[in-house]
Amino acid sequence: MYAFNYQRAKSVRQAAGLLAKNGEAKLLAGGQTLLPTMKQRLASPPVLVDLARIEGLAGIERKGRAIVIGAMTKHADVATSTLVREAIPALAALAEGIGDPAVRNRGTIGGSVANNDPSADYPAACLALGATIVTNKRKIPADEFFQGLFTTALDEGEIIVKIAFPAPSKAAYVKFPNPASRYAMVGVFVAKRGSEIRVAVTGASSDGVFRWTAAEEALRSRFNPKSLDGVAASADGMISDIHGSAEYRAHLVGVMAKRAVSAALGK
Amino acid sequence: MTTVTMTVNGKSVTANVDPRTLLAQFVRENLRLTGTHVGCDTSQCGACVVHVDGRAVKSCTVLAVSCDGASVTTIEGLANGAELHPMQAAFREHHGLQCGFCTPGMIMSAVDIVNRKGHDLDEHTIREELEGNICRCTGYHNIVKAVEAGAKAMGGTVAAGIAAE
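Protein sequences appear in the order of chains A and B.
One point on numbering: in numbering that gives the first Met the number 0, the residue at position 165 of the first sequence is 164, and numbering is uninterrupted.
One point on numbering: in numbering that gives the first Met the number 0, the residue at position 101 of the second sequence is 100, and numbering is uninterrupted.
In isolation and in its complexed conformation, chain B is listed as follows (with noise of 0.2 Å):
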């Protein structure tokens, strides 16, 4: 067993792990976020993205011990307590889901966007850089249109995107 103790969404948490724990297993299973999914188990689909010291990652793909000492945020550390986070708001909007599988980690990944490339995103540079998350149902349209218009929110909002860092 390896010690590991990394920020998760703002709280310090400690944990004694098997060193082959997974990001993604670590939060689901030892902290009880389960918001953060595993869908291929793969790191092609995109379900489990979480940031790690503010970067978008595959949390599948990641052993939880390489994460000692860092600062993670997953779905559940974005919103403002009852408050929505401008980018999640924008996907319940515009209907930017249908199952919900991949939500979590779409909107992760779309914050991430935000983060690199700045508030104002055509439809092109955001369907590129969706690339790593992958949706059965929605077709992509209503997804690419929240990301869209939660970027513009994020703008009005730039503290509340980079406090939740």
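In isolation and in its complexed conformation, chain A is listed as follows (with noise of 0.2 Å):
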């Protein structure tokens, strides 16, 4: 790793002003994912703000209908929050199936979000649950917010604070994990709330996070896992690599969808 200054933030304002003064500094979230990527030197910021001495910026509360997370909430309190199993039992479920127990003390659900990994499990959960980035200049919906590969709607020096994913009907998230990593190969978070529904694809595309509106419109006239049947997401722009080809993504997706709907409908 390359040498930094190293900056302990104490309040959001304060994070922003240092990321203002250095354009190349960076945010530490949990740093699961920048410390290896810097370890490799493949990322050398000149300057790390330390998010974690923020207070207020990580806990979960219910707001109305949705459950509000803090960005530096670790993906344990958010897989073993009551609040979060009552109210959206498949992102509780998502949290405790990210990398491994000890990368789940640490790693922060905004840090995940703003990294916006081809292959994270939480982009998935934000997309289907149209759920809200709120950053400290202004409130951006999902579906704005993730704009493909490593790439978001942020601005420099704009901070994600906190997420709103208002609570689903039914809603469930099912991967195929890379069987080394346990990074998903395909993960296809489905949700319904009344009428409406949503079903976002992470690991398979390169552009990153999708929403599959061929497999919303099927499941719109029945909420089923056979209205699924005939329905074939296009290998077109998914990934191929050693752990599979496009092709082999693009049937993961299928069959990984039809899981969901099952574990959504509680089958």
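What the hints contain is simulated information worked out from the structure, not anything from laboratory work.
These figures come from a predicted structure and were not determined experimentally.
Don't be surprised by glycine CBs; every beta carbon is placed ideally from N, CA and C.
Hints may contain errors.
Said to hold, decoys possible - If you want the footprint, here are the derived chain B segments under chain A, 3+ residues with CB under 8 Å:
{"hint": "1", "stretch": "40-49"}
{"hint": "2", "stretch": "107-115"}
{"hint": "3", "stretch": "122-131"}
Said to hold, decoys possible - Restraint-style ranges between C-beta atoms, simulated for each label pair:
{"hint": "4", "chain 1": "B", "residue 1": "H94", "chain 2": "A", "residue 2": "D142", "range": "46 to 56 Å"}
{"hint": "5", "chain 1": "A", "residue 1": "A19", "chain 2": "B", "residue 2": "A14", "range": "38 to 48 Å"}
{"hint": "6", "chain 1": "A", "residue 1": "H242", "chain 2": "B", "residue 2": "R115", "range": "23 to 33 Å"}
{"hint": "7", "chain 1": "B", "residue 1": "G117", "chain 2": "A", "residue 2": "R12", "range": "19 to 29 Å"}
Starting from two chains that each stand alone, build the complex the way the hints lay out.
Written out as structure tokens, the structure reads:
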């Protein structure tokens, strides 16, 4: 890892100020992606601004029909939160499947969402649940937030403060984890709220998380795995690597989506 | 350089460190607590697991400066003098190690599992929860047996397990 200057921010405003002063500074949340990336010298920020000491950035609350999760909330705390388990059990289950227990004790939801790794789990939850990403400047709907591989709507100096998830009536997340890394080869989050149905796919596309609209339409007539019979995801733009071809991933999208619908129905 | 103060195995330590110093490096090289091992150095193998404020973390993927004010427990902090921690004793009793390289991380993770999931652990739970700890010798079988027995033994000495944090 290359040397850097370390700053502990005491407030979001101070962190934003430090970012403004150093254009190449990076925010340190849980560090479970950033630090390995820096160790491999794939990133070498001259300044790291640690968000861990900012009060009020971690925590989970219920606001009306939504669950609001602070950006610095750790995966383990989302997984075990009674509020999340009651309102959106699929989200708690997703958090419990990220990495391994030690990674979940350190990694944060804000860090994962801001990074928008194409194989990360949380972006699928944000997109399928129609979450709102709240920053120090504005509120961004998930539909506008994720903009491709490691790319988000966040501006320079913009910091995620919390994420609001409207509770669905039915939802489930099913992933096919890479047997070695446990990253999602394909993960599908299905959510139904009233008549609205959203299907978000992570791990598969080289553009990152996306909504599978053909599946959403098929499920609108009847929310049942059988509705997805004959609905195939296109292999165009899917990731092709040593772990699986684009065609394999496209096939997995259909399989995982069916399983997710079954799970959402409690089957 | 950045000043960092933390409690390690009950003792307060203060040091001036390069900010890029990893917690694993700090405990091994500054504090000479070499029980914490670095296996893969890519946060996969779990040989470097320590507890920070009572939670298992991979110390190769945590900056020492991030632990300012924290309470850290390493494998050296588990035993009570010459008396092994019940989880350590269970690993010895059940032959839960061969070369021993992964063992400190296995034991720190195992104690964390007990802290979170209680003393009555089934095999499936143990195997799932040890997902972030890799052993290349044992085939895990005796590790799982050791964790199950260690968890039960910790039930008899709850105070010892928690006091170590």
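Evaluation of the provided hints:
Coverage of a stretch by a chain is defined here by at least three residues with a beta carbon nearer than 8 Å to that chain's beta carbons; for the stretch 40-49 of chain B and chain A the count is 6, and the condition holds. For the stretch 107-115 of chain B, the stated coverage by chain A is satisfied: 4 residues place a CB nearer than 8 Å to a CB of that chain, which reaches the threshold of 3. Note: the stretch 122-131 of chain B has 3 residues with beta-carbon separation from chain A under 8 Å; the three-residue rule is met and the coverage holds. Between H94 of chain B and D142 of chain A, the C-beta spacing of about 55 Å keeps the proposed range 46 to 56 Å intact.
Between A19 of chain A and A14 of chain B, the C-beta spacing of about 31 Å breaks the proposed range 38 to 48 Å. A beta carbon spacing of about 31 Å between H242 of chain A and R115 of chain B agrees with the range 23 to 33 Å that was offered as a hint. Look at G117 of chain B against R12 of chain A: about 42 Å separates their beta carbons, and that is not inside 19 to 29 Å.
The structure is inconsistent with the numbered hints 5 and 7, although it conforms to all the rest.
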